[in-house]
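Take a look at the letters that make up each chain.
2 protein chains.
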Amino acid sequence: MAVKYVNEDQYEEIGMANIAILGYGTVGSGVYEVIRKNQAIVNKNAGEAVEIKHVLDLRDFPGDPVEEILTHDFNDILNDKDVSVVVEVMGGVEPAYTFVKGCLEAGKSVCTSNKALVAAKGPELIRIARQKGINFFFEASVGGGIPIIRVLNLCLTADDIEEISGILNGTTNYMMTKMADEGWEFEEALKTAQDLGYAERNPEADIDGWDACRKIAILTSLYTGKNTDYERVYTEGITKISARDIKYAKELGFKIKLIAESQKTDDGLVAMVAPIMLKRSHPLYNVDDVLNAVYVRGNVLGPAMFFGSGAGKLPTASAVVSDVIAAVKNKTNVRVDWDDKDLELCSVGSVKRSFFVRVSGSEEEKLDRIKELFGEVDIVKAPGVTGETGFVTGVMTEEEFEKGFKQLEGAITRIRVDNREDK
Amino acid sequence: MAVKYVNEDQYEEIGMANIAILGYGTVGSGVYEVIRKNQAIVNKNAGEAVEIKHVLDLRDFPGDPVEEILTHDFNDILNDKDVSVVVEVMGGVEPAYTFVKGCLEAGKSVCTSNKALVAAKGPELIRIARQKGINFFFEASVGGGIPIIRVLNLCLTADDIEEISGILNGTTNYMMTKMADEGWEFEEALKTAQDLGYAERNPEADIDGWDACRKIAILTSLYTGKNTDYERVYTEGITKISARDIKYAKELGFKIKLIAESQKTDDGLVAMVAPIMLKRSHPLYNVDDVLNAVYVRGNVLGPAMFFGSGAGKLPTASAVVSDVIAAVKNKTNVRVDWDDKDLELCSVGSVKRSFFVRVSGSEEEKLDRIKELFGEVDIVKAPGVTGETGFVTGVMTEEEFEKGFKQLEGAITRIRVDNREDK
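Order-wise, the sequence lines are chains A and B. The number in my numbering is simply the position in the first sequence, starting from 1, with 219 added. The number in my numbering is simply the position in the second sequence, starting from 1, with 219 added.
This is chain A alone, in the form it adopts within the complex (with noise of 0.2 Å):
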């Protein structure tokens, strides 16, 4: 037992919760810092005093407080019955995925920010939980801290959720941002996110949009309640975006951002991840630099946003300690809807919008063959940039377009226009 403090003259006597972190890398000392930081705060909330009894990372760290509590073995943990809720912010699927499974046949509650493992493994995690009465809660999974995994199972429950999108990823984020303020090309904006320390050595997760990718399907799996298998979600990165790309798009006054997007349409449910021109209007317009924003439509809330840090230690660390003090709280499950039936997504081909284009030669030579092939367009001319000829269709569907697209000699590039008047 230990005490908390109520006011001047009253302290009460309260239970204490021991806790083991597995992985003392960024997001585990970030938690560690947390903790003893808002000690006080966190007691408080918990309504226990939330002791950190072990850490477990492979290295050693000699010098740095946690030495005391570290360990090399996972046993440690997994046998020590003082140990109610465990943090797993060791990423990837393994071994994380085994310790996980173990801690929650244990009976301990399991907190963790592994979008992998979550994308991979949630309804078969979320079960053993409710079938053992614990919780495995995993709020800095997506958008770091921003809070939208409790948002969705706990504040916007009395709507049907039509469309969540989003920026989920900082670093891509942060590139696109450079790219337009800075005019830099693809590679430059890449290094320097790579020297800040945003973007890893091996940045394919990022650029590639697999980071986007397996969050919408946590958050399409989420207000869907079935498995969406963030395999089967179209997924296009930004490696192909220029810097001429985006003149053409501040001629427009757009931005292109990586969009991660999920919609309940009239064919049924379409989920991808792709580089897209937003209009100024746009919510997600003035998302800069690393922010991560969540754009959700409810059938009776209308449209509303979330937006923060969507990475980085000490944000991402606030998450997992909300669920920390959400597991030491509920001493039940809290049910997540997350059935292993797996979603049926339809295509993107389905999906209406307009598309910009840039195609080899001048408007002169190609604008019959473009009408034909797309109707009438908007010719678009970017500064000091010639012998090509830039354009935005009409709205129609990617496959209409697709026809079009791979018809049209001397094509260069393709980005999606966000153009849709509800936003």
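Treat the hints as calculated values from the structure; they're not laboratory data. It is possible that some hints are incorrect.
If several chains are the same, the list does not tell them apart, and a pair holds so long as it fits within one copy or across any two.
Computed list of lysine to aspartate or glutamate pairs in EDC-like fashion (alpha-carbon distance at most 20 Å, straight line) [said to hold, decoys possible]:
#, residue 1, residue 2
1, 469, 400
2, 483, 556
3, 590, 628
4, 256, 381
5, 498, 400
6, 498, 508
7, 256, 286
8, 532, 379
9, 560, 270
10, 272, 301
11, 263, 381
12, 320, 295
13, 622, 400
14, 351, 595
15, 263, 558
16, 263, 559
17, 263, 379
18, 256, 382
19, 548, 379
20, 263, 556
21, 532, 381
22, 256, 407
Place chain B on chain A using the hints.
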């Protein structure tokens, strides 16, 4: 008992929760509509079939489906042992307070959208709910459909919240947007807001800032855990803002918004409502029309923002129904920290910022005196405006500024400028 659809071949037996709605006005009929429209989602998330058993209103609604369950007698609800959750959407302190207190004392959870009631009687009603082991929820009292109350109570629990500021009144935000976009004078904006049904015939609660004041008092109570007396929150409305002020703001690249803000400073907690000039990079700059937004800064999360429909029948009802779902799901008290004890508020005089000032007389005539009173300033010229001088001061405390402003001969107006660098 009722049955719940689980999937194609499985139904589960679930309980039934009878609710009552006090008031069948805009929000009350919205609550009725949202539950009917999204009945399956509401039942699934509540874990029980949610049935509206009574609606209380003084009026009759001939031909409306509500007629069958309409009552004019509050005792029909109070004495109905089957009713476990009561929705209060009448507005105003009385008789809402008497009714709500009666329901809580009778062991019925209450969900309300009534900011006047919550600001005036929050701590007492929260205490009764805790003693009775039931709940008093008020998500819709601030920010309409934007989940902010539950976000503070359940999501941002790992942080020491350092600041909350927001655009919390849709009517005045609509007016300020129209004045900026259309060049309208205050009176024209107010008349249009009234014609569109945004503003009441007696618009003082909105335009004098009292609505926003109650809302920031509620948020401040929640994030500090102590009662914030809304009558002690410094409150200035938008009635003095003119089309000419907005011309100057545009020259500066600023927008004027009615901001409700509350922050921990070195001197203590400061809470206030006032029109403030925001620079383009301010997160609230782009929140236009009837939208609301809440900006929160936590000591580890950093900045986050939540935005959406701050008012309107269905968005507000969406928040009320999410409370109903939480009240049905949580059979015991969900702790809300909001003590009876009053929070010490410190004077706005200690807040540091810049100030925009208009003074009659030309720059030539006035500059020496202006510099004498305020030090170096930036002169602003608005197109077509003569016979006066506009300027922006450097950063100083309100107290220092007011001292100078009182001595400035021919002073016309002054508007606060938010130019803190962390935004």
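Hint check:
Proximity of residue 469 to residue 400 under the C-alpha cut-off of 20 Å is restricted to the intra-copy arrangement: shortest distance 10 Å within a copy versus 23 Å between copies. Only within a single protomer do residue 483 and residue 556 lie at most 20 Å apart by alpha-carbon distance; the minimum there is 18 Å, versus 39 Å between protomers. Within a single copy, residue 590 and residue 628 get their C-alpha atoms as close as 13 Å, which meets the 20 Å cut-off; across copies the closest is 66 Å, which misses it. In the homo-oligomer, the alpha carbons of residue 256 and residue 381 lie at most 20 Å apart only across protomers (14 Å), although the nearest pairing inside one protomer, at 39 Å, exceeds that limit.
For a Cα distance limit of 20 Å, the shortest separation of residue 498 from residue 400 qualifies both inside one copy, at 16 Å, and across copies, at 18 Å. Within a single copy, residue 498 and residue 508 get their C-alpha atoms as close as 18 Å, and across copies as close as 18 Å, so both meet the 20 Å cut-off. In this assembly of identical chains, the alpha carbons of residue 256 and residue 286 lie at most 20 Å apart only when taken from the same copy (18 Å versus 56 Å across copies). For a Cα distance limit of 20 Å, the shortest separation of residue 532 from residue 379 across copies, 16 Å, qualifies, whereas the shortest one inside one copy, 33 Å, does not.
Within a single copy, residue 560 and residue 270 get their C-alpha atoms no closer than 38 Å, and across copies no closer than 30 Å, so neither meets the 20 Å cut-off. Within a single copy, residue 272 and residue 301 get their C-alpha atoms as close as 9 Å, which meets the 20 Å cut-off; across copies the closest is 47 Å, which misses it. Taking the shortest Cα distances, residue 263 and residue 381 sit within 20 Å of each other only across copies (17 Å), while inside one copy they are farther apart (37 Å). For a Cα distance limit of 20 Å, the shortest separation of residue 320 from residue 295 inside one copy, 16 Å, qualifies, whereas the shortest one across copies, 51 Å, does not.
Taking the shortest Cα distances, residue 622 and residue 400 never come within 20 Å of each other, neither inside one copy (34 Å) nor across copies (42 Å). Within a single copy, residue 351 and residue 595 get their C-alpha atoms no closer than 60 Å, and across copies no closer than 67 Å, so neither meets the 20 Å cut-off. Only between protomers do residue 263 and residue 558 lie at most 20 Å apart by alpha-carbon distance; the minimum there is 14 Å, versus 34 Å within a single protomer. Only between protomers do residue 263 and residue 559 lie at most 20 Å apart by alpha-carbon distance; the minimum there is 17 Å, versus 36 Å within a single protomer.
In this assembly of identical chains, residue 263 and residue 379 lie within 20 Å of each other by CA distance solely across copies; the values are 12 Å between and 34 Å within a copy. In this homomeric assembly, residue 256 and residue 382 come within 20 Å of each other (Cα to Cα) only across copies, at 18 Å, whereas the closest approach inside a single copy is 37 Å. In this assembly of identical chains, residue 548 and residue 379 lie within 20 Å of each other by CA distance solely across copies; the values are 19 Å between and 28 Å within a copy. When the C-alpha separation of residue 263 and residue 556 is checked against a cutoff of 20 Å, the pair qualifies only between copies, where the shortest distance is 9 Å, while the shortest distance within a copy is 29 Å.
In this homomeric assembly, residue 532 and residue 381 come within 20 Å of each other (Cα to Cα) only across copies, at 19 Å, whereas the closest approach inside a single copy is 32 Å. Neither within a single protomer nor between protomers do residue 256 and residue 407 lie at most 20 Å apart by alpha-carbon distance, with minima of 37 Å and 52 Å respectively.
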